[in-house]
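First to last, the protein sequences are chains A and B. Each residue of the first sequence is one higher than the one before, counting from 136 in the working numbering. Each residue of the second sequence is one higher than the one before, counting from 136 in the working numbering.
These aren't lab readings, by the way, just hints derived from the structure by calculation. Honestly, I wouldn't trust all of these hints.
A pair counts as met if it fits within one copy or between any two copies, since identical chains are not told apart.
[As the list claims (entries may be wrong)] In silico SDA-like cross-links for lysine to any residue, where the CA-CA straight-line distance does not exceed 25 Å: (1) Lys236 to Leu330; (2) Lys236 to Glu311; (3) Lys236 to Arg375.
2 protein chains.
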Amino acid sequence: MTGRDGGAPLVPIDPSPIVILVRPQLAENIGACARAMANGGLFHLRLVAPRDGWPQERAWRSASGADRILDAAQIHPDLAGATADLHRVFATCPRPRQVIKPVLTARGASAELHAILRRGLRCGLLFGPERAGLDSEDMARADALIRYPLNPEFSSLNLAQAVMIMAYEWWLTTDETPPHTLMTNATEVADKAELDNFLSHLIRELDACGFLRNAPKRPGMVRNLRHFFARGEVTQQELRTLHGVVTELASGRGTR
Amino acid sequence: MTGRDGGAPLVPIDPSPIVILVRPQLAENIGACARAMANGGLFHLRLVAPRDGWPQERAWRSASGADRILDAAQIHPDLAGATADLHRVFATCPRPRQVIKPVLTARGASAELHAILRRGLRCGLLFGPERAGLDSEDMARADALIRYPLNPEFSSLNLAQAVMIMAYEWWLTTDETPPHTLMTNATEVADKAELDNFLSHLIRELDACGFLRNAPKRPGMVRNLRHFFARGEVTQQELRTLHGVVTELASGRGTR
Numbered sequence: 136m137t138g139r140d141g142g143a144p145l146v147p148i149d150p151s152p153i154v155i156l157v158r159p160q161l162a163e164n165i166g167a168c169a170r171a172m173a174n175g176g177l178f179h180l181r182l183v184a185p186r187d188g189w190p191q192e193r194a195w196r197s198a199s200g201a202d203r204i205l206d207a208a209q210i211h212p213d214l215a216g217a218t219a220d221l222h223r224v225f226a227t228c229p230r231p232r233q234v235i236k237p238v239l240t241a242r243g244a245s246a247e248l249h250a251i252l253r254r255g256l257r258c259g260l261l262f263g264p265e266r267a268g269l270d271s272e273d274m275a276r277a278d279a280l281i282r283y284p285l286n287p288e289f290s291s292l293n294l295a296q297a298v299m300i301m302a303y304e305w306w307l308t309t310d311e312t313p314p315h316t317l318m319t320n321a322t323e324v325a326d327k328a329e330l331d332n333f334l335s336h337l338i339r340e341l342d343a344c345g346f347l348r349n350a351p352k353r354p355g356m357v358r359n360l361r362h363f364f365a366r367g368e369v370t371q372q373e374l375r376t377l378h379g380v381v382t383e384l385a386s387g388r389g390t391r
Numbered sequence: 136m137t138g139r140d141g142g143a144p145l146v147p148i149d150p151s152p153i154v155i156l157v158r159p160q161l162a163e164n165i166g167a168c169a170r171a172m173a174n175g176g177l178f179h180l181r182l183v184a185p186r187d188g189w190p191q192e193r194a195w196r197s198a199s200g201a202d203r204i205l206d207a208a209q210i211h212p213d214l215a216g217a218t219a220d221l222h223r224v225f226a227t228c229p230r231p232r233q234v235i236k237p238v239l240t241a242r243g244a245s246a247e248l249h250a251i252l253r254r255g256l257r258c259g260l261l262f263g264p265e266r267a268g269l270d271s272e273d274m275a276r277a278d279a280l281i282r283y284p285l286n287p288e289f290s291s292l293n294l295a296q297a298v299m300i301m302a303y304e305w306w307l308t309t310d311e312t313p314p315h316t317l318m319t320n321a322t323e324v325a326d327k328a329e330l331d332n333f334l335s336h337l338i339r340e341l342d343a344c345g346f347l348r349n350a351p352k353r354p355g356m357v358r359n360l361r362h363f364f365a366r367g368e369v370t371q372q373e374l375r376t377l378h379g380v381v382t383e384l385a386s387g388r389g390t391r
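If we strip away everything but chain A, and leave its shape as in the complex, we get (with noise of 0.2 Å):
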């Protein structure tokens, strides 16, 4: 029940579930499903009768860093005690079985999880064996299945694979990132104003140069250029490099 040093519990940052290796066989994959844990969150690893024993050094190197997770995992020789104290328990299933037991998508049972976990309770998710995947007895000790929307012609998921998306899942529902944002490099997003100050510059050169001389098609033009420049969203760095440019080109008018 303790971990590879004996030291310390981790102390958990915000309550989480408890992922649940269920008799894992590789250890590379053990590693490679606590990188993913460290990625969305998840802290907390169990691990039932991992094939190979406990510890293994190739879990640490396929880790990545997640070392922590590893340090504190705990060993179980079987599910029922490492669900002895939980309170309640998700099953991922990749494949429909013949039971009868709700079935979540990711992310249904991330939100379920979380309003679980908010009530105090101790939550559980489990993971079959690589090449099998839970057995019909691991998946009765489960309140709910976790089957994760992905095409019906190809569901073979990777361990870690699967650990991820829960763990992205697991991620995403307290997340509030908006979908789409502007990433600017310490300069703001250009008002109208001064993207028509660029503008104004950009016409007076054209008319310097005749670009602009036919006067019935100079309207036109001179909206199908503030068109293509009101397009998105520009940033003030991105308007002082197009000054440079229109002056630039305009300076050496002539003397080619």
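Chain A is fixed; fit chain B onto it per the hints.
Structure of chain B alone, referenced to chain A:
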């Protein structure tokens, strides 16, 4: 520009973005990416200057059957060639860079890709090399960056995991699986009359054995049983089992 066997191009099932692995290092990772692509319904792969050349049998061994994607993979010496026939290019980019660029979440990017592809345009998704990720020149070719919302304290993502998350979101954008259902095994959710029928059976036997003999407490005890069995959906098969349990328990009464 041709696949391993120089054969016919993949027939696209639906328009989908092209996954472009830029200077990938390990063939195993390329295979794992193909597997993740198949999981999420992405079928078009291009490789820009794979470090160890192409084809590599190790890629096929780690693809778990996603051979069709590897067979049809296009190889390009540089990113300009790999993106030449595309109209929009999004680059996955875990770390903030000194660039001015729209930034999308994986979910936001997937929604935009679906919308762009429906207009008949061709799109690419760039993933950088395992160690360093995309460089500044690569990113300058992208219309937008994709940054997954993940634990900022541990954002180092395996290449195939990065492809998996994007493939998963690609699949989810058009998926309509309800977040919570009840999986039933050739049986139906019982209606309230069937549940009442079972409760009448149970209460009749509990009256017979004297469990409910305390008259003042009887209504509350019956109500508690009703509450318990009304907690969620019960199937007709489960009710048949429960009828059998009550009948068998009652039939043994007095024989011990």
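Cross-check of the supplied hints:
1. Lys236 to Leu330: Only across copies: Lys236 and Leu330 sit 18 Å apart there, 59 Å inside one copy, limit 25 Å.
2. Lys236 to Glu311: between (32 Å within a copy, 20 Å between copies)
3. Lys236 to Arg375: Only across copies: Lys236 and Arg375 sit 16 Å apart there, 62 Å inside one copy, limit 25 Å.
In terms of the numbered hints stated before, the structure departs from none.
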